[in-house]
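A.B. asks: Below are the chains, spelled out letter by letter.
There are 2 protein chains.
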Amino acid sequence: MQLKNDLLLRAARGEKVERTPVWLMRQAGRILPEYRAVRSNLSGFKELVETPERAAEVTIQPVDILGVDAAIIFSDILVIPEAMGLTYQMQEGKGPYFPKTIKSIKDVEKLKIVEPEEDLHYVLEALRITKKELSGRVPLIGFAGAPWTIFSYMIEGGGSKTFSKARKMLYNEPELSKILLDKITASTIAYLKAQIRAGADIIQVFDSWAGILGPDQYKEFSLDYISKICDAINDVPVTVFAKGAYNARKEISTLNCEVIGLDWNMGIAESKDIIGDTKTLQGNLDPCALYGSFSMIEKVTNEMLREFGPHRHIANLGHGVYPDTDPEKVKCFIEAVKNYQG
Amino acid sequence: MQLKNDLLLRAARGEKVERTPVWLMRQAGRILPEYRAVRSNLSGFKELVETPERAAEVTIQPVDILGVDAAIIFSDILVIPEAMGLTYQMQEGKGPYFPKTIKSIKDVEKLKIVEPEEDLHYVLEALRITKKELSGRVPLIGFAGAPWTIFSYMIEGGGSKTFSKARKMLYNEPELSKILLDKITASTIAYLKAQIRAGADIIQVFDSWAGILGPDQYKEFSLDYISKICDAINDVPVTVFAKGAYNARKEISTLNCEVIGLDWNMGIAESKDIIGDTKTLQGNLDPCALYGSFSMIEKVTNEMLREFGPHRHIANLGHGVYPDTDPEKVKCFIEAVKNYQG
Numbered sequence: 052m053q054l055k056n057d058l059l060l061r062a063a064r065g066e067k068v069e070r071t072p073v074w075l076m077r078q079a080g081r082i083l084p085e086y087r088a089v090r091s092n093l094s095g096f097k098e099l100v101e102t103p104e105r106a107a108e109v110t111i112q113p114v115d116i117l118g119v120d121a122a123i124i125f126s127d128i129l130v131i132p133e134a135m136g137l138t139y140q141m142q143e144g145k146g147p148y149f150p151k152t153i154k155s156i157k158d159v160e161k162l163k164i165v166e167p168e169e170d171l172h173y174v175l176e177a178l179r180i181t182k183k184e185l186s187g188r189v190p191l192i193g194f195a196g197a198p199w200t201i202f203s204y205m206i207e208g209g210g211s212k213t214f215s216k217a218r219k220m221l222y223n224e225p226e227l228s229k230i231l232l233d234k235i236t237a238s239t240i241a242y243l244k245a246q247i248r249a250g251a252d253i254i255q256v257f258d259s260w261a262g263i264l265g266p267d268q269y270k271e272f273s274l275d276y277i278s279k280i281c282d283a284i285n286d287v288p289v290t291v292f293a294k295g296a297y298n299a300r301k302e303i304s305t306l307n308c309e310v311i312g313l314d315w316n317m318g319i320a321e322s323k324d325i326i327g328d329t330k331t332l333q334g335n336l337d338p339c340a341l342y343g344s345f346s347m348i349e350k351v352t353n354e355m356l357r358e359f360g361p362h363r364h365i366a367n368l369g370h371g372v373y374p375d376t377d378p379e380k381v382k383c384f385i386e387a388v389k390n391y392q393g
Numbered sequence: 052m053q054l055k056n057d058l059l060l061r062a063a064r065g066e067k068v069e070r071t072p073v074w075l076m077r078q079a080g081r082i083l084p085e086y087r088a089v090r091s092n093l094s095g096f097k098e099l100v101e102t103p104e105r106a107a108e109v110t111i112q113p114v115d116i117l118g119v120d121a122a123i124i125f126s127d128i129l130v131i132p133e134a135m136g137l138t139y140q141m142q143e144g145k146g147p148y149f150p151k152t153i154k155s156i157k158d159v160e161k162l163k164i165v166e167p168e169e170d171l172h173y174v175l176e177a178l179r180i181t182k183k184e185l186s187g188r189v190p191l192i193g194f195a196g197a198p199w200t201i202f203s204y205m206i207e208g209g210g211s212k213t214f215s216k217a218r219k220m221l222y223n224e225p226e227l228s229k230i231l232l233d234k235i236t237a238s239t240i241a242y243l244k245a246q247i248r249a250g251a252d253i254i255q256v257f258d259s260w261a262g263i264l265g266p267d268q269y270k271e272f273s274l275d276y277i278s279k280i281c282d283a284i285n286d287v288p289v290t291v292f293a294k295g296a297y298n299a300r301k302e303i304s305t306l307n308c309e310v311i312g313l314d315w316n317m318g319i320a321e322s323k324d325i326i327g328d329t330k331t332l333q334g335n336l337d338p339c340a341l342y343g344s345f346s347m348i349e350k351v352t353n354e355m356l357r358e359f360g361p362h363r364h365i366a367n368l369g370h371g372v373y374p375d376t377d378p379e380k381v382k383c384f385i386e387a388v389k390n391y392q393g
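In order, the protein sequences belong to chains A and B. Counting the first sequence from 1 gives a position; our numbering is that position plus 51. Counting the second sequence from 1 gives a position; our numbering is that position plus 51.
Calculated directly from the structure, the hints in this document are not laboratory data. For clarity, every value in this text was computed on a predicted model and none was experimentally measured. Be aware that a few hints might be false.
Copies of the same chain look alike in the list, so a pair counts if it fits in one copy or across any two.
[As the list claims (entries may be wrong)] Distance condition first, Cα-Cα at most 30 Å in a straight line; then the derived DSS-like pairs of lysine-lysine:
hint: 1; residue 1: K216; residue 2: K183
hint: 2; residue 1: K380; residue 2: K350
hint: 3; residue 1: K244; residue 2: K380
hint: 4; residue 1: K301; residue 2: K270
hint: 5; residue 1: K183; residue 2: K270
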């Protein structure tokens, strides 16, 4: 089906666009009362992720309500460790928790390589429903966590300030670590390919915990695996968003991907210098800017757009939108992008 | 009193040294059974901070037990907000908690500028006792939090993943924010000068939450205040450790300070390029490296020392030592520095 609005895909491929496309990380979520209404009829976050009709519904909400230029499938990066054999619980206000974690090579051996059509059919079904219901209005973004980030959760068993257990594993068991990262990578590639078959027009890889590793370890234990994913996905553009990976922007620019996400701490001019002009950049307004006044939001959005320039840019925040953000402020950001006169 | 071992001070001033000095952030703390023994006789962390004899005792322990080249006074950066009028509680395993936080300009007006000899006499007394009991063996490090980090705690009321309340304040109430930052800065300068009078041979300013701000806000709301502190302290060398401030290394290099701390994510060669050779660098081994084998620790320590070179370097970790680190591994790190043959 021909897309009516393909700004995002053209910007991703480096083609000229009439205006900069815009969407927000976590746009399908708690900021919208309509999302909270759907969620309140279910037992919790996981039931929503696992119920394709409802996941599709909340995926499309921000397209209708906020007017974004893309939908991103409502799901979670932790469906991969779960499909591999480590189930997780989502604790309200506390984040994810894995009752079982990886401690030894035996634990790694027990994990399976994901067969997405079986193990993650609910995500694929949500993608198919969304794709149909969007009827070509905007592109649909699929996603997965980067292997290092998934690895961290599997070792740590949840969030952490230091991820010291996961990093300890890299020092003490580098071989086990690489076997596990390989298994996660193979699962992720199979999963992303299935998402594309189910309708994803572009893929984003989230390396949420990139910032916790020093430069050498980041290359060895994260980038090498993201690189394998980028090389395996050829049908649609790929976005790599490695939060906190200041040191690795040069190496990320050599990946076989089309778009690089910037967090709000990464200077725009500096990042353009480091990355060069063969990649599209995505980002990177501080999510806290949306707590400001309407006029402040317009001002900082315009400044951001000026600094990125009119091409090879996808407007977004530099991190997921904070759940207590006023949807009117989000609309203000989106309208500022749409109305910008370079 | 003449110091018997002044390696740290000479390295800080950029003088030639026979070997690289070494100490660890959080060396006086839970890694040592001797510390836990002292602590177990008291009601908790705060009683230890507020009991000069005991604080002095745990300050000196790592000099005796680990053989470090400096003592750092056992205290907490949060004594400043407490002395200004916001008391805190330290929750075991959960970090600090402030029952009262700053929400309005009225709250800011109620805060006092610290009079250290009155409000923080217990820290000064601990410094005097430590200085006497060290009898010149090694230099004594005093410290304080950077104004932005203290501000964050005062607004947020504790630790946070995003510090979104503190950052929201910067967007919505920039004037209130600056009045508060000025008050914290004035209190901190008075406090650090008193620490020097009480015996501190060098001062370290910890900007623990530097990494949460984008480049422009970091300059406006953090660096400008650190700069005032650096300009006010002239009698002893000053170290600025801004964790996560990748973007600000160039600006930090222009501060009126002698030493710049690097976290373990900051590449050494890259940081030397950015900062130049007019500052001494401190750091930056990954604290997780101390979970590795003895031979691994020697290897990575030697690599670090090679990359920093023999001058203008103070060996340390790139963050506080993790509390579950084996003291024998810490000793291995310290010995590796002492035995290094460039």
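A.B. asks: Could you figure out if K301 and K270 sit no more than 30 Å apart (CA to CA) within one copy, between two copies, both or neither?
C.D. replies: both (11 Å within a copy, 24 Å between copies)
A.B. asks: If the cut is 30 Å between Cα atoms, do K216 and K183 qualify within a copy, between copies, both or neither?
C.D. replies: Cα proximity of K216 and K183: none, with 43 Å in one copy and 40 Å across.
A.B. asks: At most 30 Å between C-alpha atoms: does K380 with K350 qualify within a copy, between copies, both, or neither?
C.D. replies: within (13 Å within a copy, 52 Å between copies)
A.B. asks: Reference check for the pair K244 and K380, CA-CA at most 30 Å: within, between, both, or neither?
C.D. replies: Cα proximity of K244 and K380: none, with 35 Å in one copy and 45 Å across.
A.B. asks: At 30 Å max between alpha carbons, let me know whether K183 reaches K270 within a copy, between copies, both or neither.
C.D. replies: Close neither inside one copy (39 Å) nor across copies (48 Å); limit 30 Å.
Hints 1, 3, 5, counting from the list given before, are not met by this structure.
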